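Each chain, letter by letter, is given below.
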Amino acid sequence: MERARLVLRSVAPFLVALPVLWFVQGSLASYTSFVAINIAVNVILAVSLNVVNGFTGQFSIGHAAFMAVGAYTAALVTTGLESLAIPGVPAAVSGQAVFLVALAVGMLAASVAGLVVGIPTLRLRGDYLAIVTLGFGEIIRVIIENTRVLGQATGISGLPACTNVVWAGMGVVLTVVMARRLLQSTQGRALLAIREDEVAAEAMGVDTVGWKVRAFVISAAFAGLAGALLVHKIQLVTPRMFTFVKSMEVVVMVVLGGMGSITGSIVAAAVLTIALETLQAADQYRMVIFSMLLIVLMLTRPSGLFGTREIWDVLPRWRRRRAPGEAP
Amino acid sequence: MRAVRAMALLAASLALAACQGKKAEGDAPAKSAAAPAADKILVGHVGSMTGSEATFGQSTDQGIKLAIEQWNAKGGVKGKPITLRTYDSQGKPEEAAVAATRLVVNDKVNLLLGEVASSRSLAMAPVADGNGTPMITPSSTNPRVTKDKDKVRPFVFRVCFIDPFQGTVMAKFARNDRKIEKVAILRDVGNDYSMGLADYFLAKFKELGGTVVDDQSYKAGDQDFKAQLTAIKNKNPQAVYVPGYYTDVALIARQARELGMKQPLLGGDGWDSAKLFEIGGKAIEGSFYSNHYSPDDPSPRIQEFVKAYKARFGVVPDGLAAQGYDAAMVGFDAMNRAADGSGAAIRDAIGATKDYPGVTGIITIDANHDAVKPAVVLEVKDGKSVFITTVAP
Amino acid sequence: MSGTGQPVLEARGVVMRFGGLTALSGFDLTLHSGELVGLIGPNGAGKTTAFNALTGVYAPTEGDVEVAGRRVNGMRPHQICELGVARTFQNVRLFKELSAFDNVRIACHAGSRSGFTSAWMLTPTHDAEERRIAARAEEFLSVMELSPRRDELARNLPYGEQRRLEIARALATGPKVLCLDEPAAGMNASEKVALLELIRRVRDQFQLAILVIEHDMRLVMGVSERMLVLDHGVTIAQGAPEAVRQDPKVIEAYLGDGKLRLRPPREAGTGVP
Amino acid sequence: MTEFLQHVVNGVSLGTIYALIALGYTMVYGVLKLINFAHGDVYMVAAFSGFYIATGLGVRDDPTVGKAVAVFLGSMVVAGALGWAIERFAYRPLRNRPRLATLITAIGVSFLLEYGFQLPSLQAQGRSLEEVLRGWGWTVPGWFDALVTALPSTFPPGPTPRFFPEPFTRVDWTVLGGVHISNYDVVSFLVAFAFMLGLQWIVYRTRFGMAMRAVSFDPRVAGLMGIPVNRVISTTFVLGSVLAAVAALLVAGSRPRIDPIMGLMPGLKAFVAAVFGGIGNVPGAMLGGLVLGLAEEMVAGYTVSSFRDGIAFAILILVLLVRPEGLLGRVTVEKV
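Residue numbers (the numbering used here), protein chains in the order written: chain A, 1 to 328; chain B, 1 to 393; chain C, 1 to 273; chain D, 1 to 336.
Any given hint might turn out to be false.
Claimed, not checked - Estimated spans, in silico, between C-beta atoms of each pair:
| no. | chain 1 | residue 1 | chain 2 | residue 2 | range |
| --- | --- | --- | --- | --- | --- |
| 1 | A | S27 | B | R337 | 36 to 46 Å |
| 2 | D | R95 | A | P19 | 46 to 56 Å |
| 3 | C | R150 | A | L18 | 34 to 44 Å |
| 4 | B | V316 | D | L268 | 25 to 35 Å |
| 5 | D | L268 | B | T389 | 39 to 49 Å |
| 6 | A | L108 | B | D129 | 25 to 35 Å |
| 7 | B | G130 | A | S27 | 31 to 41 Å |
| 8 | D | M1 | B | K182 | 15 to 25 Å |
| 9 | D | R88 | C | E252 | 50 to 60 Å |
| 10 | A | T147 | D | G178 | 29 to 39 Å |
| 11 | A | L18 | C | S147 | 14 to 24 Å |
Said to hold, decoys possible - Partial list, derived from the structure: chain B residues whose beta carbon lies under 10 Å from chain A:
| no. | residue |
| --- | --- |
| 12 | D88 |
| 13 | A96 |
| 14 | G130 |
| 15 | S299 |
None of these hints come from the bench; they were simulated from the model.
All of these numbers come straight from a predicted model, not from anything done at the bench.
C-beta atoms are modelled at their ideal positions from N, C-alpha and C, and glycine is treated no differently.
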């Protein structure tokens, strides 16, 4: 009985999310669902980067590279196995199964990349580590541009359109559940300890190097998931999707949401994605307004939307704090 | 804090004003309009209006605007005025796909135009196909844009060359007309257009018995190309093929001359801009490039376009503006001929385009949905492009 | 005094050099279970350096450090911590943005064996582990009389409580040896006495060996069985408190005029970098 | 041998660009510990101010020394003012906040300048700015009116690249039997070197430099000691921006293509160079720039040029793994 309860608790978010997403999927117009998928991808990216930048306090500005690794690997799997049909199963189902495998392989490949990047954390900190992650991003891009199998600058087109709101939504649920449970576990607290004080964490028995590398691996795996989901929506993967600018966009989302705040990352990713979409109406002024928005948001909420806290911690505090007339 | 508030206010009012300004201009219907009114024709354009390739996107957009204004002055297509809605792709494939979806599904455009880069057109093509909206790309040259694996994409067309054709044209010209034996290549490694041209050039040039002595690459936006040029210079080729955009080629030409290289440079239609001569100056003299048309072509069709464009936007049109103009023109011409306003009818009409007198050549759409038109080879002389020869497809 | 059996912590001829500066030379220490030893000396004498060498923050330039008979030179601090050496810091280093409870729970981490996967899947093992850790953390908080402050952020605690929280955190790692770096710094006399009482009680309750760095000689003398005096990185005296107090070298180096009072600090910058 | 020497000349010339920008980066970082992502865009704005001034003076047809001086001074003033404004309005309000908050406003400012300069000029839109603003219901203050009329009619420049006229005549020399070098290469290198020495002198030999170091060490304590922290930081920003202006004009003079995103890649590379040399260290920025330039040049010249950036970054990462504090950075041991 107790066991069944525990199992149920473990899978509950997925059980709840799946039917809801099916329902949402059916009711969304294709443009709205495209935007929703975009938001989902950005949420996965922001929350996963938060594991490194927010929880662990390291500074990675090469998240797009992990995305690229996951996206390309998954693309190779789906295009390679496209003709393969599992006998006795309808084509649609077998296609979904292949996609699931592709996502898993993409995450795995990305996590290997995360391991490679995580290792320099042995010796490097702060801005020096940032340069390594940035450099790694460039190296990945250069490798892709020089590899014929990966289509060089053109990339791989004609990918199956597997990603829909259900897949993307489940990706978000998986990522958020991962981050949340991580944060509430002793493993996650080890990461927080590293962020707060590396020397003290080490002295308290936290294997700081090991946990930093692990944080990179986890973060990379989910970035890979985001990449794989994105490219199977637009049915194309090219190196241009994974530039330095993309990495910076994710950093912006994390900082804007508040370092270490999961709900902050979610809200920031959604707000920024929707803002960019809405601002299409502003023509050439679009990015000018967007950048002003960025500056203003940061100036008014310097610790991010929710600081290191979650949305439910912050909402009542606002009310309490405003009362004594303290400047926000 | 006061500064912050002032900025917030400024940003908000900018946003508001931009939306209002749009409405005031009257070239876009209210945002919530589910379907275009039957008495109007709505054209969607996805272009990189901001970002590192904004110059190409904005040129194309202006070309399209000019085409629309000219048609509207004549009374529109079948008596209906045309309006344009442009969405920005920021140079990103994923944004191009979202923008295309929004235009096709929400705004229900009758015709989709865009993108410059093949990587972004490739992201838009499934959207056009999936929703049965005809799409014409002005300048995406990768064969896969109109052809997915072996299957021709039913709703996607182009009015430009494809990479194999243009690469081959220049290889033939270099080998047969100029009798060049040793050539070096300098390509933009991050640009699929440049990569495509270089690959086909290389194959054809070798096939014709020439040798490619060096194959170097650069990245768009680089400031310095001397490393590659020094290496090329040492191999002593008779010409250097640089199938990039004018933005980089102008600097490459300058730096080649600074290193004492006297060989002519060879290029493709990406060179087509007055800026090439302005920035390249004397360095670009004596180089050759393939193009759709010669801006010096005395034919009134071309001269009128150049004049009208200059009057409207204050600058000489570049190749991308001309292609944007042609893409729109071919589209409107087809709509005018189409049996009705449905996507399929317009699609069929575009596919049936034959000998359309565009600015960038006499355009015929073939079974692969590609434009068949002869290429011209131009030489740069006294800061102008001079017609050398025509190469038929 | 339990001076027999295997020492839990032993240092033999430890030398620490930073560039040309020798911060510690020929440092010997033997610590048995249940002992409370004071490490004293004027500012910059090398006390904290000795701590850092023992706990793995620095690898000793020469000499050996053994924990329960196992050589730990060159091991990383977390490995040494797992072997049973815990410490506090001279300038309190808590996890400031986390609650007191979390601070202690992190230290319980050393014994945790369940991995990431079980945390994500919320397996029963993980659950049990978390419960065990929480219970342990509560216990140490209550030992250090911090239970009411459980959910307070560490940075919001008053100074004295921060010091106590640091000890609770160190205890939570399950040490055999506890190294306290000036635990009573900045406290007034009555607070100091209370704290030392608490330390002694902790030692008895958990059967620990405790090494205390302290400025205030009188204070340490009251509680420690044995003392070690450092000056300029050299051990100038050790033994029972009374004997040390009478040692002329100590009086010369430390006490100056023979009264129990702190000499003005030496010129800054003679200690560790 | 000639080829190798040519590569060295090219590499040093490229490295000089990075070094010139990196010097400004490192100054600001040294004082504020802030990665000023907008530095590359100040460089861009400086290039465009130079362009507008040069166009106004007719430098292209008739370059004279007087005009060159005017172009340099004018664009240094504009860049300095911009640097001051950025610090005052985007960074100072966040001075005591998390360091990353400032990074994001820096990115915001960078975007604002890049995209702002990509807007088509009002002239091309056939409207004046005042009309636009009045259309939004704003009253235009007099000073704003004056400012707008003072702006060139082709402002903002839009995304199309512009030709930058040479501020002083280019001379190419052929030395050592076939190595090509120009006076711009020589002048740029000498200027960079002089700046390095000058900055080093300012930082270590002047009262202002002492104040800078104090602020760098701890702004709060420096303030308590009576150092005007805000003024020191402002001045540092102005100084860094002026350096960027000189770099921009020297680069644009010899590579005469300027566009609104011209600062992005050089800015990024300069940041890398500054970190590589040991960020906050003035000679380190110079050395880092030169090493990066030479590394890129040699990789492109002797291996596969399409791997240029990749291999250059790989070298960088390897060097950083061996020397985690950069080439000339001081190893800091955290006091425990």
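Okay, the hints, checked on the actual structure:
1. A:S27 to B:R337: 36 to 46 Å: Holds, since S27 of chain A and R337 of chain B (Cβ atoms, about 39 Å apart) stay within the stated range.
2. D:R95 to A:P19: 46 to 56 Å: With Cβ atoms ~50 Å apart, the hint holds.
3. C:R150 to A:L18: 34 to 44 Å: holds (38 Å)
4. B:V316 to D:L268: 25 to 35 Å: holds (33 Å)
5. D:L268 to B:T389: 39 to 49 Å: holds (43 Å)
6. A:L108 to B:D129: 25 to 35 Å: Since L108 of chain A and D129 of chain B have Cβ atoms about 32 Å apart, the given range 25 to 35 Å holds.
7. B:G130 to A:S27: 31 to 41 Å: violated (19 Å)
8. D:M1 to B:K182: 15 to 25 Å: holds (23 Å)
9. D:R88 to C:E252: 50 to 60 Å: holds (59 Å)
10. A:T147 to D:G178: 29 to 39 Å: Between T147 of chain A and G178 of chain D, where Cβ atoms are some 37 Å apart, the hint holds.
11. A:L18 to C:S147: 14 to 24 Å: violated (43 Å)
12. D88: holds (6 Å)
13. A96: This hint holds: A96 of chain B lies near chain A, its Cβ roughly 8 Å from the closest one there, short of 10 Å.
14. G130: holds (8 Å)
15. S299: Status violated, d = 34 Å.
Checked against the numbered hints above, the structure violates hints 7, 11, 15; every other hint is satisfied.
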